[in-house]
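Take the sequence shown: its position 355, counted from the start at 1, is 405 in our numbering, and no numbers get skipped.
No lab work stands behind these hints, which were simulated from the structure alone. Since we're looking at a predicted model, the values are computed, not measured. By construction, the Cβ of each residue, glycine as well, lies at the ideal position given by its N, Cα and C atoms. It is possible that part of the hints are untrue.
Distance condition first, Cα-Cα at most 27 Å in a straight line; then the derived DSS-like pairs of lysine-lysine [unchecked claim]:
{"#": "1", "residue 1": "LYS454", "residue 2": "LYS531"}
{"#": "2", "residue 1": "LYS525", "residue 2": "LYS485"}
{"#": "3", "residue 1": "LYS454", "residue 2": "LYS485"}
{"#": "4", "residue 1": "LYS454", "residue 2": "LYS525"}
{"#": "5", "residue 1": "LYS485", "residue 2": "LYS531"}
{"#": "6", "residue 1": "LYS531", "residue 2": "LYS459"}
{"#": "7", "residue 1": "LYS525", "residue 2": "LYS459"}
{"#": "8", "residue 1": "LYS459", "residue 2": "LYS485"}
Label pairs and their calculated CB-CB ranges [said to hold, decoys possible]:
{"#": "9", "residue 1": "ASP467", "residue 2": "PHE314", "range": "47 to 53 Å"}
{"#": "10", "residue 1": "THR405", "residue 2": "ASN468", "range": "33 to 39 Å"}
{"#": "11", "residue 1": "PHE349", "residue 2": "ALA248", "range": "16 to 22 Å"}
{"#": "12", "residue 1": "ASN523", "residue 2": "LEU456", "range": "18 to 24 Å"}
{"#": "13", "residue 1": "LEU451", "residue 2": "CYS425", "range": "23 to 29 Å"}
{"#": "14", "residue 1": "ARG391", "residue 2": "ILE127", "range": "20 to 26 Å"}
{"#": "15", "residue 1": "ARG320", "residue 2": "LEU408", "range": "30 to 36 Å"}
{"#": "16", "residue 1": "ASN549", "residue 2": "ARG504", "range": "27 to 33 Å"}
{"#": "17", "residue 1": "PRO306", "residue 2": "ARG390", "range": "20 to 26 Å"}
{"#": "18", "residue 1": "HIS82", "residue 2": "ARG235", "range": "51 to 57 Å"}
{"#": "19", "residue 1": "ARG504", "residue 2": "HIS429", "range": "24 to 30 Å"}
{"#": "20", "residue 1": "LEU255", "residue 2": "ARG441", "range": "24 to 30 Å"}
{"#": "21", "residue 1": "ASP467", "residue 2": "PRO431", "range": "41 to 47 Å"}
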Amino acid sequence: MGCGINTDLQNYAQVLEVSHNPAPFAADPLVHYLPHDPGLPNLLTMLAGLFPADTTAISLVLAGGLAIFAQLVCWYICGRVLFGRAGLAVLLTLLSSITWYWCFGTYWGATHEEAVPRIFFNALWAFLLLLSCRGLERSMPRYLCCFLTGLGVFIHSVSAFMCGGMFLTLFFLLPVGGWRNNVLRHLASTLLCVVLLALPILAFLGMRVTLEPPLPGSYNLVRTIFAARFAHDWGNVWGSLTEQILLFSTTTPVIPLALTSMLFLFLKKRALPESCRPLAIVLPLLLVGIAAVCLVCSFEMALAPRLGRMSMGQEILRGTRFIIPVCLVAVTCALFLFWRRLPRWLCVSLVLSTTLVLLCLSPDRMVLAARYYVCQTLHLPAQGAAEQMRRDNTTELDALLAIKRLVPKSEPIYSPDNTLSVRYVIRHPLHPVHKDGIILYYARDYALAWQWLREQEAFARNDSLSSIWESTNTKWMLVHKHTLAQRGPEISLAPMYENSDWLLFCRDTEAR
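Just need the whole structure built from these sequences, with the hints factored in.
Here's what the structure looks like:
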């Protein structure tokens, strides 16, 4: 039914449910705002329509399978085009599919959990890299690369903004045929790249994003909403980014390994075949492009408050995750110089052993799901982690079905555990939870936003769960036992429903 999916898909699922069938949500405070999420529609939600299911959550999960498949196929094709070796292409595909955690609540990879729109952009990026390599000698691949990157804003906007800056920096610093050619022609070509990139992005901003500043006197409220919603991800923007770069420079030394590989590739550029020789120049300049975008973002983040506007730059910084694929391609390209000298049997053995290790040991949820499916099919004992996830989802679904039986549609549920499945699984009104902060951020309903903010501040102060529940003016509360043990031991009401994980309380004596 969709219990236990990642929070991005939960948000998409609830938005689609309310948009397609608003009647059951008449008592939901967000019923008028959920359909206007600026992140929707996107490629994932549109493809979900091809997979009819009991809930939109299941449709989204099925459509996400296409995203994972697309990334695997596109990166394999990219590897074959660049290196001409099937084994090396498989290794590049595997490296790019596993999860590389990044700061700001994002990551690089395809199999971390249920696929989200950024996975489709990951697939697109493999072709953008090929186009950028071809663009060193010809203008047309540059134009196509910039236009496709601009269109990518409808797939995953943050990725498109960052990649647009990366490729524009690359193309500006590397004129077609070198700087010996006509400078004015190069500037005109770069300007055309900017236009082709900007047209789809401007269309996206005009259709999706509220560009008007907050009402006078409400700027601090809107800023506080964003800070409260993303305190974990954005508490220290530059500190988080620095910490992540240091992590991948020391504990997991991908960055120094990639920089060493880039230097090696530059020195051995003549030893590379024509298909991947441009990488020796392209990859370092893509990192320069990321740095350039970060500088622009820092300027915008400093300027926006003075203009009474919310910053867009810190969202764009999530695109710094593209440091990872740049590094992976650099390391793989350096490996290519040795790979072609290895005997075929050794190459095959390395590919098979790497594949088996990842399939057997990867903690990614999609790999875990694949192992669970194999165990079920072959009647083998399932792994404990998969069984635990299945059990957790089952108990959550049982609690939701209890709400469906016991609670009238006119009475919203309060849930301190961000249980958005109340909306997208059983189509029941839900009092705004922490995850709904982004909806309120764009809604500009300041009265509702103040109420939400007071509740979040009370939760952050470790106020009693009973007092927070009372402040919501809701009769019903669905709470996980772990949360209750931490925050609400003073609640003396007998639950209307209880299972091993969840409790449903009601403060109305008549309902009881």
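Tell me the hint numbers this structure goes against, listed in increasing order.
19, 20 and 21
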